[in-house]
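**Q** Chain residues, written in single-letter form:
Number of protein chains: 2
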Amino acid sequence: MYIGIDLGGTNIAVGLVSEDGKIIRQASTPTLNEREAIEIVKDMAMLIEKLAKEEGIAVSDIKGVGIGSPGSIDFDNGIVVYTNNLKMDMFPIADELNKLTGLRVAVDNDANCAAMGEYVEYEDKVKDFIFVTLGTGVGGGVILDKKMLHGFNGAGGEVGHIVIEMNGEQCTCGRKGCWEAYASVTALIRDTKRAMEKNPTSLMHEFAKKEGAVTGRTSFDAAKAGDKAAQEVVNQYAIYVAEGITNLVNIFQPEMICIGGGISREGEYLVGPVREYVNKNDYNKHMKKTEIVSAKLFNDAGIIGAAMVAR
Amino acid sequence: MYIGIDLGGTNIAVGLVSEDGKIIRQASTPTLNEREAIEIVKDMAMLIEKLAKEEGIAVSDIKGVGIGSPGSIDFDNGIVVYTNNLKMDMFPIADELNKLTGLRVAVDNDANCAAMGEYVEYEDKVKDFIFVTLGTGVGGGVILDKKMLHGFNGAGGEVGHIVIEMNGEQCTCGRKGCWEAYASVTALIRDTKRAMEKNPTSLMHEFAKKEGAVTGRTSFDAAKAGDKAAQEVVNQYAIYVAEGITNLVNIFQPEMICIGGGISREGEYLVGPVREYVNKNDYNKHMKKTEIVSAKLFNDAGIIGAAMVAR
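Top to bottom, those sequences are chains A and B.
Its first residue numbered 0, the first sequence is counted upward by one per residue in numbering that gives the first Met the number 0.
Its first residue numbered 0, the second sequence is counted upward by one per residue in numbering that gives the first Met the number 0.
To be clear, the hints were calculated from the coordinates, so they are not data collected in a lab.
Quick caveat, the model's predicted, so the values are computed rather than measured.
The reader is advised that the hints may include incorrect statements.
A pair holds if it fits inside one copy or across any two, identical chains being indistinguishable in the list.
Derived lysine to aspartate or glutamate pairs resembling DMTMM-like cross-links, with alpha carbons at most 20 angstroms apart [claimed, not checked]:
hint: 1; residue 1: 288; residue 2: 73
hint: 2; residue 1: 295; residue 2: 196
hint: 3; residue 1: 288; residue 2: 18
hint: 4; residue 1: 126; residue 2: 73
hint: 5; residue 1: 279; residue 2: 168
hint: 6; residue 1: 288; residue 2: 75
hint: 7; residue 1: 124; residue 2: 75
hint: 8; residue 1: 86; residue 2: 210
hint: 9; residue 1: 145; residue 2: 75
hint: 10; residue 1: 49; residue 2: 120
hint: 11; residue 1: 287; residue 2: 144
hint: 12; residue 1: 279; residue 2: 42
hint: 13; residue 1: 287; residue 2: 190
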């Protein structure tokens, strides 16, 4: 058994995970991100002990711990180099948790861990797998020959930060026109609001009112109810997603690309048009095509994937 | 010693190459691309025998043969799957040359071979290396952990076919706005011609007349002579190149990116501004930066790299 830890800005979620990537039991506690990093590590150790006790095993029976952390990670040395949300700059999180538990600890970026989590189901037959998460931003993890792509400095795999429109929409990274600025849910909400302004009678207004805000679902719900303006937003969003996926296919030609993040719960309603667009537009006209699927684990992917990083 | 073969639409260039990637001697013959594929292979075998004889060794002393071929290659099985210029669809070129020579034969895409060639100099200290060739198109090769990225179907590494401008300039691959449609020399010539139309007094007209045609050098030569319109073309071209390089850095974070193709003979005049732009705009603000260099081998890279593929 392994421990997978999904370290978020809000919660620390810890799971006891089987060899084949199933969560056996889990527990969580608030991150309280303003406090010192070492206090967060103490809570991790406490939750590991709690889970071991509940399972009736010794902590030393656990084969390893994986932590999925936001920010830039020095994977080789188990260090959080930089993160926006936590007081963890240059923090040797793996060593600190090892001191408290005696366990072997590995750390990776949270998006990479989610990629490892979604990959578990396919690992026996798929060697090259790209996970793309469409959320506040666009993140992801690139698994090549069963190993995570980190780049020489640990900062690789930032698939959301490919410019797909030069001088386009402002991206959080400083560049203009990154894929993230079109295919993130943040971008979808922006485009939904723009379409609502232009279409005061669109059903999107009603759906937004019902939910109390414009969300990533607003345009999808209204589109499904037959609203033309919403359908345009959704169609355009699928193209934005597909342009980036096509880029990834042309670069990597992986066996599989998995689309995750909350919006991927739309399933084939989003992934169907994306798949069609990619298959029509990718560079490969003579070889087998990349399979495009939607994610299945959602929130559990972080814990499971972190455990798999430890494995 | 190895044999490296650069199979082009015009010439078959064959070289005897040392273990450490130096061309010892070479020979070539016209491809005559309309003829049957097997005739081309016979000429390859003939040139191998000729080079061995000149060197005073037996063909069987050669450790292996590498072929760099245009088109889609089934690297694992040594098959040319598809190519525009040669009658080689689904042609088992490795087996055929093996039958004639008794030598072990490997085949890879010509751009991948050029990448391997340029990589030789750095292979002892660099594990992740991307070669980008700016020519008629934009091609390249991605070397990760010292191995060429092929994708699961052999069609990977098409770095020129990342859309950087949705609905932008038409690309030969069918998509609109690929990097190739902005950063290739073909694109540079198109943009030079457009600027010349708008600027009838530009020095570009004189340089083009001197060379007998608008080439990739026209805008660079005029820019160096102080021509404003030409400087704008060159500056914009450097940005186009840099946008794509930045995308590659954000995805791979490789230790080194090498820019090749004829236009890279401009050296720091092109690569300097590109490097500056990439360093300013890439996603990585906290880690070591990717080194950006220009190619050194040019025409020899294909032969040397093909030999290295065999090695």
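**Q** Against each hint, give a clear statement of whether it holds in the structure.
**A** Structure-based check of all given hints:
| no. | hint | in the structure |
| --- | --- | --- |
| 1 | 288 <-> 73 | between (34 angstroms within a copy, 14 angstroms between copies) |
| 2 | 295 <-> 196 | neither (34 angstroms within a copy, 55 angstroms between copies) |
| 3 | 288 <-> 18 | neither (31 angstroms within a copy, 37 angstroms between copies) |
| 4 | 126 <-> 73 | between (24 angstroms within a copy, 17 angstroms between copies) |
| 5 | 279 <-> 168 | between (26 angstroms within a copy, 18 angstroms between copies) |
| 6 | 288 <-> 75 | between (34 angstroms within a copy, 17 angstroms between copies) |
| 7 | 124 <-> 75 | between (27 angstroms within a copy, 18 angstroms between copies) |
| 8 | 86 <-> 210 | neither (34 angstroms within a copy, 61 angstroms between copies) |
| 9 | 145 <-> 75 | both (17 angstroms within a copy, 18 angstroms between copies) |
| 10 | 49 <-> 120 | neither (28 angstroms within a copy, 54 angstroms between copies) |
| 11 | 287 <-> 144 | within (17 angstroms within a copy, 25 angstroms between copies) |
| 12 | 279 <-> 42 | neither (50 angstroms within a copy, 39 angstroms between copies) |
| 13 | 287 <-> 190 | neither (35 angstroms within a copy, 36 angstroms between copies) |
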